[in-house]
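A.B. asks: Knowing the structure of chain A, use the given hints to seat chains B, C, D and E on it.
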Amino acid sequence: MVVANPILYVALPLLVAFLLPLFGKIHKELIRVVPGLLFMFLIFNTVVLFSEVTSTGKPIITQIAGWAPPIGINLVFSAFSGFIAGIISIMGLLVWVYSYKFKKVEFDNSLKYFVLIMLVTAGSIGVVLTGDIFNLFVFLEIVALSSYPLVAFYRGRDGAEASFKYLIVGAFASIAILLGIVLIYSQLGTLNMAEISLRIGEMPEKIKITAFILLFLGFGIEAEMFPLNGWAPDAYSQAPGPVGAVFASMTAKAGIYTIIRLVFTLFDIDAGYQLLLGMGIITLVVSEGIALRQEKLKRMLAFSSLGQMGLLMIAFGINTKAAVVAGMFILFNHAVIKSLLFFSGSYLVYNSENKNIKDLFGFGKKLPLTAFLFGLGAFAIVGLPPLSGFWAKLSLLMASADSNLIALIALILIVSVVEIVYYFRVVNGLYFKKYTGEFEPHKPSWNASLVMLILAAVIVTVGLYPDLIYNYFVNAADALMDKANYIQNVLPSNFVGLN
Amino acid sequence: MDIGRFLLTSITTTALAFVVGMFYAGFRRKITARVQNRVGPPVYQNFIDVVKLWSKKSNITHGVMQHLAPLWQIATSITTLMFIPILVDSTFFVNLTFKGDLIFLLYLMVVGSLGMALGAGEGGNPNSAIGVTRGLTQMIGFEIPWVMALVALMIQHQTTTIVGLMDVQQASGTWLMFSSPFAFLAALLAMPGMFRYSPFDIVGAPAELASGPISEFGGKYLGTLMTNGSIFAFVKLVLYVDIFMGGATNLVLLVVKTFVLYMFPVLWGLVSPRFRTEQSVRFFWGWPLFFGLLGILQAAFL
Amino acid sequence: MSEELMQQILSISFYGASLALILIGVYGVLTKKNLIKILLSLTIVDSGVNLLFVSLGYIMNGTAPIFSPAIMDGKIEVLKTAPMVDPVPQALVLTAIVIGLGVTAVGLALVIRLFRHHNTTNIDEIRNLKW
Amino acid sequence: MSNLVIILAIFGWAILTYLAFKINKTLGNVFVGVLALALPAYFFTYTPSDYTVSVMGMSLQFGFTSFASLFAMLVVVLSSFALLYSIPYMNKKDRLGWFYMNFMFSVGGMMGILMSKDLVSLFIFWEIMTWSSYLIVIYQGKKVNKVGLKYMIFSAIGAYAMLMAIVLINKWSGNVNIEQFFASFPNYSSAAKLLSSLLLLTGFGVKSALMPLHVWAPGAYTKSPMSYTAVFSGALSKMGIYGMALVAVNLYVHSNMPIMGEVIAWAGAITAVLATFWAIFQNDIRKLLAYSSIGQLGYIAVGLGIGTELSVFAGLYLAILHGLFKGVLWMVVGAIEHRTGKTDFRDISGLIKKMPFTFFVALVAIIALAGMPPLSGFVGKWMLYESMITSNHFIMVLFIFLSSTAAFLYCFHFLYGLFLGQQEDEFLKDVKEVPVLMMIPMGLISLSLIAFGTFPGLIFKPIAQAMSTLGFENVTWRMSSLTNAWGNSMFLKPANFMFMAVFVFFLIIITVVNHKKTKKVGTKDIANGGEPIRDEDNLHYSVDIYRPFYRVISPIMKYKVETFYKRISKGIEEFFQFFRRIYSGNGQTYALYVVIFLTALLILSSTIF
Amino acid sequence: MVNDKESRKIVDIIQDFARKSSLFVLAYGTGCGAIEIPPTMTSRYDAERFGIRGAATPRQADVLLITGYLATKSLKRVIRAYEQMQNPKYIIGFGSCTINGGMYWDSYNTINRLDMYMPVDVYINGCMPRPEAVIAGFAKLQKLIQAGKADGWERYQNNLEFYRKNQKKIIHNWVMPDYNW
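Residue numbers (my numbering), protein chains in the order written: chain A, 611 to 1109; chain B, -8 to 293; chain C, 21 to 151; chain D, 304 to 912; chain E, 925 to 1105.
Chain A on its own, in the form it takes in the complex (with noise of 0.2 Å):
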C-alpha cells in the first residue's frame, strides 16, 4: 500500500502541526480546514489498513528508517492498536468538526489550539502503534507536553494551576517510566516490546517486579488510575469543552492502552493482571464516590471519566477473552458518550462562571437539544438499554460472572447506582428546577450540534445493534490476548532467542 500506512498516522499529524503557522500565512482559512482533510485521511487510513488487516489476519508492521526490529523501531497496526487508532482518529475528527467554531477563536487561539490537538493526536496514536519502549515513553510525553498547554489553554480560567499540578505529576510519570525503561534496558539490552516480552523471563525477579512497579506507576499516572490521578479532574474540568473530550477520547486511551501492553505483552507478572484489577476497583469506587459530592459539572464529568477508566482496568485486569472484549467496548463507549456529554456539557454551563451544577437548572427548555443529548449521555453512560452503554457493561458483567468474581459484579453494580443518583441529579435539575436566569443559555452552533447528534446516533445504533461493531471488539481483543502472535509478526522470522 502506497497511500495507507501507519506511519502516516504519526507522521502527518507531526508535519502539519509544524506546517501549520506557515498554512496560516497563506490564507487564514487554512488553519482551521487543513486539520479536518488531515482527520479525514486518517480515517480513510484507518479504514485501508484496518480492511487489510481483518483480511489477512496479520498486522500491520512498519519499519523506521528501514531497521528491523529488534533494533529499528517499528509501528505495529494490529487489530487492537489499529482499532484504538481508529477511534482515536474519528474522535479528532470530531472534535476538529466541534471546535471548527468553537468560540470565537482568534487567529492566533485557533493556530495554537490546532497545533496542539495535532501534536495530541499524533502522540496518542504513536503511543498506540509503536512497538518501540522508549519511542512509547517519547510519545507519551509528546502527548503530555501539549497536553499541558491545552489545559491551560483559557486564560480566564484556573487552567495553569490544573496544567501545573497535570505537570508536576506527570513529571513523575515520565521519571519512572524513564527508571523503568532503564532497568529493563540494563538487563536485556532492547527496547523492541516484542523482544521485551519474549525474554522478559531473562530478567532478575526482583529487577523485573522494580521495573514492572516503575513502569506501572508512570503508565498509571498516565491511565489515570486511582491514587495518581490527582491532576486529572482539574485537568478536565479548567481544559476547554471540547479537550475534555480529547482527554477522555485520546490521552486517556493512550494511557490505558500503555497500561494493558505493559501487564498483557510486555512483563509475564501474573499477579499484574489482579494489581490491574484491583487497582481498578479502587478507582471505580474511589471516583464514582466522589463524583457524588461534586457541585461543578465538569468535575463531575471528570470523576466520572475516571470510574470510566477504573472499569477498563477491571475489564483487562480481569483477563479472560470475554473480559478483554467487554473492556474494549467500554473503552469505545467511553470514548462516545464521555465526549457526548463533554461536548454538551460544556455549551450548558458555557457562560456560567463557576461552571456549578446549579448554573445550569432549568436549562432543559432553554436549551432543549443540548440538554436532551446530555440527557442521552446520562442515560446511556449509566447503562440503561438501548443504549450502547448497556450491552458494554453487560458484557463485562457476563465476563466478570465467567471468572467466578461474584462480588465484583455486585461492586460494580452498587457503583452503577451511585453513577444514576449523581447524573440524574443533573438531568433532574435541568428539566426541573426552576430557571434562575442567572446564565444566558448559549445556543450551540450548527456544528457542534452536529457532532453532538452523530454521536447521539452512534449511542443509539450500537445500542440498538451491537453486532455492528462487535466483531472489532473480538478481533482486538484477539489481536491483544495472543501474545505468541504479537511476538512472532513483530520479530523478523530468522530472529533466534539471544540465548
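A couple of the hints might just be wrong.
Said to hold, decoys possible - Below, a list of computed lysine-lysine pairs in the DSSO-like style, where the Cα atoms sit at most 30 Å apart:
| id | chain 1 | residue 1 | chain 2 | residue 2 |
| --- | --- | --- | --- | --- |
| 1 | D | 446 | A | 1043 |
| 2 | D | 657 | D | 823 |
| 3 | A | 1044 | D | 869 |
As the list claims (entries may be wrong) - Label pairs and their computed distance ranges (CB to CB):
| id | chain 1 | residue 1 | chain 2 | residue 2 | range |
| --- | --- | --- | --- | --- | --- |
| 4 | A | 1047 | D | 398 | 40 to 50 Å |
| 5 | E | 1098 | D | 649 | 30 to 40 Å |
| 6 | A | 658 | C | 114 | 54 to 64 Å |
Simulated from the structure, these hints should not be mistaken for lab results.
The structure presented is a predicted model; accordingly, all values stated were derived computationally and were not measured.
Don't be surprised by glycine CBs; every beta carbon is placed ideally from N, CA and C.
C.D. replies: Frame of chain A; chains B, C, D and E shown alone:
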C-alpha cells in the same frame, strides 16, 4: 330448586328473625330497666317504634346514597340469614346454607356497615362521619379475634363451611365451645363489639355524637334500620350458636340458646362505661387476641 | 587499583550519584513551596535519571560507539568484550534531555501565568481547584 | 408477522406520534386514538409465532407463553383504555408529544417484557419501561426532583439486582433462556439457588413495590399524570408480579424450596398490612391510592408466595383485577383532578352532585377493591383466604384479614371525602361531569368488574391457561362457583342474586312508601344542635379522620423504612464528602501520593508478586 | 272528646296508637327546667314505661320539649330544630316561662309567649314542674295524639306566615334556610 318453596322458607325465616330479634331488643330494654330499678317499656315496644317510624308523614333524605343505605344493611342481613342454618338438619329452613361458607359470611356481614357508612356520609353531618370512622376503627379491633376464632375452628376441622362445623359437632357430640374453648372465648369477647353494645357504643354515642351515623336518618329510613338491627342481631346469635353451641334441633332450643348467648353482651353492657375508640381497639387486641392465638395454637398443634 | 575495582567504584559512584540526585529532586518537589524551586527539583530528578541511563552504557576506556557487527547481535556480553560505549543510552538520554527541557519550559511558562493570576509563587496558595 | 416487529412498530409509532404532535395537536390525538384501537384489535386476533435474534453471541428469543399473554391482555386493555382516556384528560397540558411518546414506549416495553423468552431481552425491555416511566413521572415537573430520583434509584437497584442474577444465571445455566433456566435450576448449588432467586426477587420486588422496596411508589404514582398512573399502577407494577410469579412458582414450588415462597408471602403480607395503614392516614387521594396499590400488590405476592394451586390462581386473579379496579380508580382521580384541579381531601367534597357517573364507577371499583360481595373483588379475596387456610398459613391469614379490614377505612375515606359529605359551593363551582371519552373507559372497566363478580369464569379461563405454563396442569374452574382444597364450595350466583333480589325488593318498598312525603334536602340542612349552617361554613369532616386509629398503631407507624434509606444515603454521601478531601488541590500532595504509591508497591512487592 | 272517630280509617287509628305509644323526645335544655328531665327518665319516675325515650337528633324525634324560658338567641336554634323534625311532631312547653315569661316576664332578652312563635301542643305549668307534672303532660299529649288532635305541626304549616312574622321580630339577623319538611 323450587322457587315457590324457597320464597316461602326465606320469608318465614326472615319473619322469624325479625320477630325474635325485635323481642330480644325489647327484652334488652326491659332487662336494662329492671337492672336500673325501673319498670321499663313493654317487650313489644320496639314493634311500636318501628310502626311509628314507618308512619311518619315526612321523610328527609340527602341523596341517593342515603336512600340506599338502609337497603345495604337489610339486604346484607337477610342474605346472611339465608346462608346460615337455622336449625340442625332441618328440611324446612334450608335456604341457601349449602351454597356458602364462612369467609363469604365474614365479608358479607361487613357489606351492610359499609353501605350504611356511605349513606351516613352523604348526609353531610360531621357527627355521622365521625361515628363512621369510629365504627370502622372499632371494626378492625373486633374482627381480628373473631376471625382468629373462626380460623382456629376451620383449620382444626378442615372445613370452611358452617354446615361442616355443625356436622363436626353432631358427630362428636361435643359443642365447639367446649372442645375449642380459647377460640370460643375470643369470639365471645369480640361479640359486644359486633353488637356495638356498651362499652363499645362510642360509634353512636347519643350524647356526644347525636347518635352518630344514623343522626340524619329518620322516619322510614330509621324504621328500616331498626328492622335490620333486630334481624341482624338474630343472625349473629344464630351464627354463634351454630358454630359454638352445636346449633339447635328445634326452634325452642334455638331461642333458648340464642337468648342465653344474647345475655352476655347485654349484661356486660349494663355494667360498663363507654370505651374510647382507641381503648376499645386496644381491648380487642389484648385478651381476645391472646385467646385467639391460643385457639389457633390449639387447633394447629393439638 | 585493578581495573575491575575501578569499574565497580565508578559504577557505584555513578549509581549513587544519580540516586542521590533523584532523591534530592524528589525531596525538593515534595517539600519546597516555591513553584520555581519545584521545577528546579524536577530538573534535578531528570538529571539524576539521565545520569543513571548514561552511566549504564559507559565503559571505562571504551571507544566511541561506531557501528560494528557485534552490536547487530545485540548482545551485552559482546559489549563487555569490545571496549565500546553503548550508543543507545546516549541517544535515548539526548531525547530525554530534550523532553526534560520541554517540560521545564512549559513549566516556567505556567509559573509566569500563575504568578500573574495569583500574584504568588507559593504552591500552597494556589488551590482554587480542589475536592 | 413476528412479534418483535409489533414491538418495534409500537416504538416507531411512538416516535411518529411525537412528530405528529409537533405538527398539530389534533393529528397527534388521532395517532394516539389509532394506537389505542389498534392495540387490542391486533392483540386479540394475532397468532403467536416465535422469533430469534442473535446479539453478541447470545440468542434472544421472542414469543408469547400463555402465562405472558394473560398479562399482555391486561396491559393491552388497560393501556388502550388509558390512551383513550388521556386524549381529553391531557388536552390542556403541553409537551403532549413527549408524554405520549414515553407512554407508548412504556407500553411497548411492557409488551416486550411479556414477549421475551430470555432474560437479557426481558431486562432490556424492562429498562426501556423503567426509563420511559421515569420520564413520565418527571413530566409534569412540579416538585418531581426527589421523586424522580427516588424512582430511578430504586428501579436501578432492582434492575441491577436482576442484571446480576441474569449474569450469574448465564454462567450457571450456560445461557439466558428462561425455560432452560427453570430446567437447570434444580441442579444449582444451594447457595446459587438462594442467590439467584433473591436477586431476581429484589429486581421484581422493586417494580411490584414490595416492602421494603416500595419507597419510590407513592411519589412516582402521585406525580405522573393520572391517565398514565392507571397504567403505571395497574399494569406496569404487574410486570414485577409477572416476574415474581415466574420465579416464585417455577422455582420454589417445582424445585422444592418452599422457604423462598414463604419469604415472598411474608413480605407480601407485611406489605399489605403496613401499606394499608399508611394509606389510611393520607390526606391526598393520590397518595392514598398509591399506598393502597402497594398493599394490594402485597396480597398478590402472598398468593404467589404460598404456591398452592388455589393461591397462585388467586394471586393471578387479583393481579388482573387489581389492574382493572385500580385503573378505574386512578382514572376517577384523574377525572376529579381534571374538573376541580385539586387532589387533596381538604379541597374537595360532595362531588356526587356534579359527577354522579364518576361516583358510580368509583363506588364499583372501591367495592371491588374492598373485596366485598357481590362484586369481583370478593372472588379473589375468597380464593386467597381459602388457599391460606387450607395450606395452614393461619398467622398470615390474620395479617391479610387485618389489612383488608383496615382497607375499608381508606375505601370509605376515598368515597366519602371526595363524593359525599358536605357539598361546598366553593368546591363545586364550575365542576361538571367528565367528557364522554373519559367516561367510556371507566364505564367499561366498571361493567367488567360487576360482571366478574358473578361470572368470574370469564377470566378464569385465561388464568387457567396461564397456570399451565407455570406447571399447574388441568386447573379446574367453573363459571360462577369456587372450590377450595378441602372441597368446600362457594356458589356466587345464589349469593349475589339473593343479595340483589333483597336489595331491589326493599328498594321498591322504601321508595314507594311515603313517596310523596319524602323530600330531598341539601347537605347544609343537617341536624347540628339547631345551629343553621351558613353557606360559607365548611363542616366537611374528611381530613385526618382516623386519628384514634393512629393513636392505636402509632408504635408501628413511627418507624419508616424511608428514614433508614435516607440515613444510608446520607451516610454514603457524608463519607465521600470526607473522602474527596483526598483531592486536596495541592500539586505537591498529588506528587506525594505518587511517591507513597511507589514506595508502598516496592515495599509490598514481595507479598504482591 | 273524640268526635269524628267515624271519619278516621283503621290505619290511622293504628298509626296514631303507635305514635302515641312511642314518643321520642328531643329535650331542649334551654332553661332551668332541664334539671327535671333526668328524674323523669330515670328509675324514680321512669317515663320509658310509656314508650317515651330520648332522641339524639331532631330527625328522629317526635316531641320537642322546651324546658323553660327561651332567650332570643336560643329561639333561633329551637325553631331550627323544630323545623328539622319529621311530621307529625309535637311541642311541649315546659314551665311557666313558656306560657307567659314567668319570672323573666320583663327580661329584655327572653320571649314571653312561646305559642306566638311555635305551635305548642301541651303546656305544663309550674316553676318548675315536678316530674309527676311532666308525665301528666305527656299523658295529655298522648291522649291528644290518640284522638288525632295534636295538630300543632299542621297549624305551623298553615299559619307559617304568622309564625315567621313573629319570629323575625325577635330574630334580627335571619339566616335560616327556607322551611322544609
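A.B. asks: None of the hints should be skipped; say for each whether it holds.
C.D. replies: How the hints compare with the structure:
1. 446/D / 1043/A: 8 Å, holds
2. 657/D / 823/D: Given pair residue 657/D, residue 823/D holds - Cα atoms ~16 Å apart, limit 30 Å.
3. 1044/A / 869/D: Roughly 25 Å separates the two Cα atoms, so the pair holds.
4. 1047/A / 398/D: 40 to 50 Å: Since residue 1047/A and residue 398/D have Cβ atoms about 21 Å apart, the given range 40 to 50 Å is violated.
5. 1098/E / 649/D: 30 to 40 Å: Because 31 Å falls inside the window, the suggested range holds.
6. 658/A / 114/C: 54 to 64 Å: 35 Å, violated
In the structure shown, a violation is registered for the earlier hints numbered 4, 6, in ascending order.
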